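Novice: One-letter residues, chain by chain:
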Amino acid sequence: MGGSSRIVEVEGLRLAYGIKEVLHGISFAIDRNEIFAVIGPAQSGKTSLLRCLNRTTDFIPSATVSGSIRVDGDDIRRVKDVFGLRRRVGMVAPLPVGLPMSIYDNVAFAPRCSGMTAKRELDDIVERCLTQAALWDEVKDRLSSLGTALSGGQQQRLTIARALSHQPEILCLDEFSIAIDPVTTMRIEDVLKGLRREITIILVTNLVQQARRLADRTMFLWNGEIVELGPSEIVFSDHPADRRTYDYVNGIFG
Amino acid sequence: MASTGPTTQRFARTAQAARSERAQKVAKWVFGAMALAMVAPLIGIVTYLLYRAWPSLGWEFLVDLPRKGMREGGIWPAFVGTLYLVTISLAVAAPIGVLAAIYLNEYARDNWFNRLINLAVINLAGVPSIVHALFGLGAFVYAAQFGFSILSASLTLAIMTLPVIIASTREALASVPRAFREACWNVGATRWQTIRAVVLPNSISGILTGIILQVSRAAGETAPIMFTGAVFYKAVQRGDLFPYRLGDQCMALSMHLYTVSTQVPNVKESIPYATAIVLLGSVLLVNATAIAARVFMRRRKRW
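Top to bottom, those sequences are chains B and S.
Sequential numbering from 0 applies to the first sequence in numbering that gives the first Met the number 0.
Sequential numbering from 0 applies to the second sequence in numbering that gives the first Met the number 0.
A hint or two may mislead.
As the list claims (entries may be wrong) - Beta-carbon label-pair distances, calculated as ranges:
| no. | chain 1 | residue 1 | chain 2 | residue 2 | range |
| --- | --- | --- | --- | --- | --- |
| 1 | B | 166 | S | 106 | 51 to 61 Å |
| 2 | B | 189 | S | 297 | 53 to 63 Å |
| 3 | B | 189 | S | 116 | 33 to 43 Å |
| 4 | S | 116 | B | 126 | 21 to 31 Å |
| 5 | B | 246 | S | 116 | 47 to 57 Å |
| 6 | B | 126 | S | 294 | 29 to 39 Å |
| 7 | S | 115 | B | 232 | 50 to 60 Å |
| 8 | B | 246 | S | 11 | 30 to 40 Å |
Claimed, not checked - Stretch by stretch, here's where chain B covers chain S in the computed footprint (C-beta under 8 Å, at least three residues):
| no. | region |
| --- | --- |
| 9 | 56-62 |
| 10 | 117-130 |
Unchecked claim - Short, incomplete list of chain S residues facing chain B, as computed with Cβ under 8 Å:
| no. | residue |
| --- | --- |
| 11 | 104 |
| 12 | 109 |
| 13 | 293 |
It is worth saying that the hints were derived from the structure and are not from the lab.
Model, not experiment: these values are computed from the prediction.
C-beta: ideal position from N, C-alpha, C; glycine also.
So here's chain S without its partners, still in its complex pose (with noise of 0.2 Å):
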């Protein structure tokens, strides 16, 4: 080949290259940009609710009972009441969600009902929280007579709740590659036993992810608890974990934070950010616990 000179120029550095290096590194630094420009917020918002809820923050803050018409005091009945509306609304919305979405996912054919359900699960999903709290005051509150109560909010968040877990429980187990099926069905084994050796398995860390991340959802929620069960004030004993029954009304951590910033009147500055932290905090815990899990079940998968 006709080089230019003693040294070849095939490999030398052109205007082409140095502009695509060029592009390269921007590209690089704007999304590096972005990727801290989303974490700064977030550190932000913590630190400084930390820096408010400071003075109150303790463990008495969690276990006492709010005082002085909500002046002083503690969370504790708002704290125990957001534990019930969660574990009771993931406790109905849960297996109901996963064994749909597992119908669905491997056993449904492709025709018009099933098209039908789908497009359902799609729509309810985006509902706002705020339609589902007027669903539930007419199904739960009245048309099924629980009245206001924890059952009937439990209720509404699982309703709420039910269309994301289906959908995400049908990501996960679409995730695990057909050919794992076709392999299963090869040798003679029904689609429960492909399902129970090789779909499961592979998939239960994905479901788990999207059921706790509903977690957090529900927890925040205010409407709908507002409209089916949730309450300004409710007495309990302090520290006592079962103060509630399925048929009380109960306070919730979200409708409380609401209270104490807006409906009363000169309360202790950092008691609504204490309250904030709380349930960001017992939100995050849930969330890592949900990491931690997932971390640990990724280990055991095994492709």
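Bound-form chain B, shown alone (with noise of 0.2 Å):
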């Protein structure tokens, strides 16, 4: 663990789509322990930004990146064990995807593809994590059933718990609330809550108030570049540093 309070800090990151470029060069620094959220309207770059953090976008061939990110101190570009880098980074995405094996296959599977064996060091980890996640108590009885099966919500919190399971220091949430209701939504941000104290808590989300309800510091990303980063109580403020920040929290334009 390096010392300083800076968990990931992004420099003049650019990222490109064959010649259509998404982020245009931006900078900024997250904290240890914080939510930080990002908000921004569709086509911003917020989930382009998330997929540059744990180098996905090395699965998509058209995809360019320049500038630099490091975590926690590496340089993600020089890492030489991108999996563990990953692992590092969970990564919950915006539609739940249960794969398509048992609700303990599914929070099972990193801890096994990173070499664990042990059946009690898994059980511990898949109870740990299905707890973290609020779901313990809704599937303690049909762990060996398809996670699949599960409703929309529960499948998200079965992603949240999948991510969690690789002991991840950073936590991104890409808009995990658009295919669940609002009071899954709300039992998910109390376990965000919780969870702050360990990790750090990346949110990408389009609803406002989520935002406002959660993030210590909210950043506002338009056409692929910052607009604001602050502290939620000004972003959120009457009087936003950026006149265009004021305008989109309130709906005037978006």
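Hints are included, so try docking the two chains, each in its own frame, into the full complex.
Specialist: In structure tokens form, the structure reads like this:
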């Protein structure tokens, strides 16, 4: 662990798909153990930013990335073990994806991929992660049934449990609530508040209210550029630094 | 809302509704008739074949040798020959085809080289079997010096079925949603771990179906084996399961059917039909097994 309070440092990050540039050289830093929200309209580059963080841009042939991203001091372009990097940066996709295997296997998948085989350790991880994701009580009696057979909200929590199973230092949530109901959303938000004691959370969201409720700091991304980045109290106040932030937050443009 | 009388007219049957209903009925009947028209010839063919073949059909016909210059007796050497050719050709083509398809679908980047491979696969699948036959003759019989043999014929059939196996396997792999793969990559799984845990278990039934459909193709083709290793007549032990070695020539059902139908005068009438029934029956048996396997694995498929 580095001593710095910055866990993610991004400098001059540019990302292009083919000739279309979607991130135009953005720089920011994220503190350890904060909830960092990224808001912005569709096509503003939020999801692309997350893809850069765990280097899943590698899977998009046309993607070219420049600039530097440091996770806990390590430049991610130079990490030898990209799979280890992805385990340090947990990722939850917008639509819940239960893998077509049992609930237990869904959560045990990542630890198994990194070579863990001991039944007892796996049992512990499965129970801990499902508990953290507020799903354990609902599924503890049917761990061998299919992950894909769960309801949408349960699958989303299963996805979160899976992302926690490899003990990430950073958890990225990409619009996790678009496919689930408000009650479940609130339960997951409570879970996130609990998790922040241990890990850093990056929350990409379309729900301005959600960012306001949860985030310590909020970044407003628009067309691949940072319009404003600051403490949530200021970004969501009546007098943010940039007029466009006020307009977006209050639904005047977008 | 202004209503026209005591009973509302809003849900009354309009001329437009009646027209669409008629069109819908006509469409249903036309499509149904076409489906029936497709089944009818199949039943007709099978019934007719069975009827004509009846006098010869029986266990004896299967395990006996052709006698009196193919005018009587059975088809054992041809049956076993076809078994040999199909098994060996698929044993060669299936692993290569499946592994190549996995590479093309899961690993290959979209560059000119892989596009070239794709193009080659598609075009190879469309090459007429007689051209494959000529290729097999040049490549395996002469250049590789395998001679006219089961080996040459099987390899020729393998080359012929390979591109179709690649194409059908890729189809099966591509039917697994990308979201599953991304979910695996996001937790730090390698491509191979992803393929093993998620992609293969959910595409295996489709892959097997594609391979087994090639059984009927390999069993039915005459041209490729005629050029490379199938012969008019070869004596073997009656009922012997392993009469041939790889370097031998062999008889085959498709070739035998051609021979007894057109090349030999005064053949007992039911013999060609019975041969056709055996060919058809074995292929249908294999296909039925494939369907059973598919149903079994489909039940284990999990989304």
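Novice: Hint by hint, note whether the structure agrees.
Specialist: Do the hints match the structure? See the list:
1. 166(B) / 106(S): 51 to 61 Å: Distance hint for residue 166(B), residue 106(S) is violated at roughly 29 Å.
2. 189(B) / 297(S): 53 to 63 Å: 40 Å, violated
3. 189(B) / 116(S): 33 to 43 Å: 52 Å, violated
4. 116(S) / 126(B): 21 to 31 Å: Violated, since residue 116(S) and residue 126(B) (Cβ atoms, about 47 Å apart) do not stay within the stated range.
5. 246(B) / 116(S): 47 to 57 Å: 52 Å, holds
6. 126(B) / 294(S): 29 to 39 Å: 36 Å, holds
7. 115(S) / 232(B): 50 to 60 Å: Once the Cβ atoms are compared, 59 Å apart, the range 50 to 60 Å for residue 232(B) and residue 115(S) holds.
8. 246(B) / 11(S): 30 to 40 Å: 51 Å, violated
9. 56-62: violated (count 0)
10. 117-130: violated (count 0)
11. 104: 14 Å, violated
12. 109: 5 Å, holds
13. 293: 17 Å, violated
Checked against the numbered hints above, the structure violates hints 1, 2, 3, 4, 8, 9, 10, 11 and 13; every other hint is satisfied.
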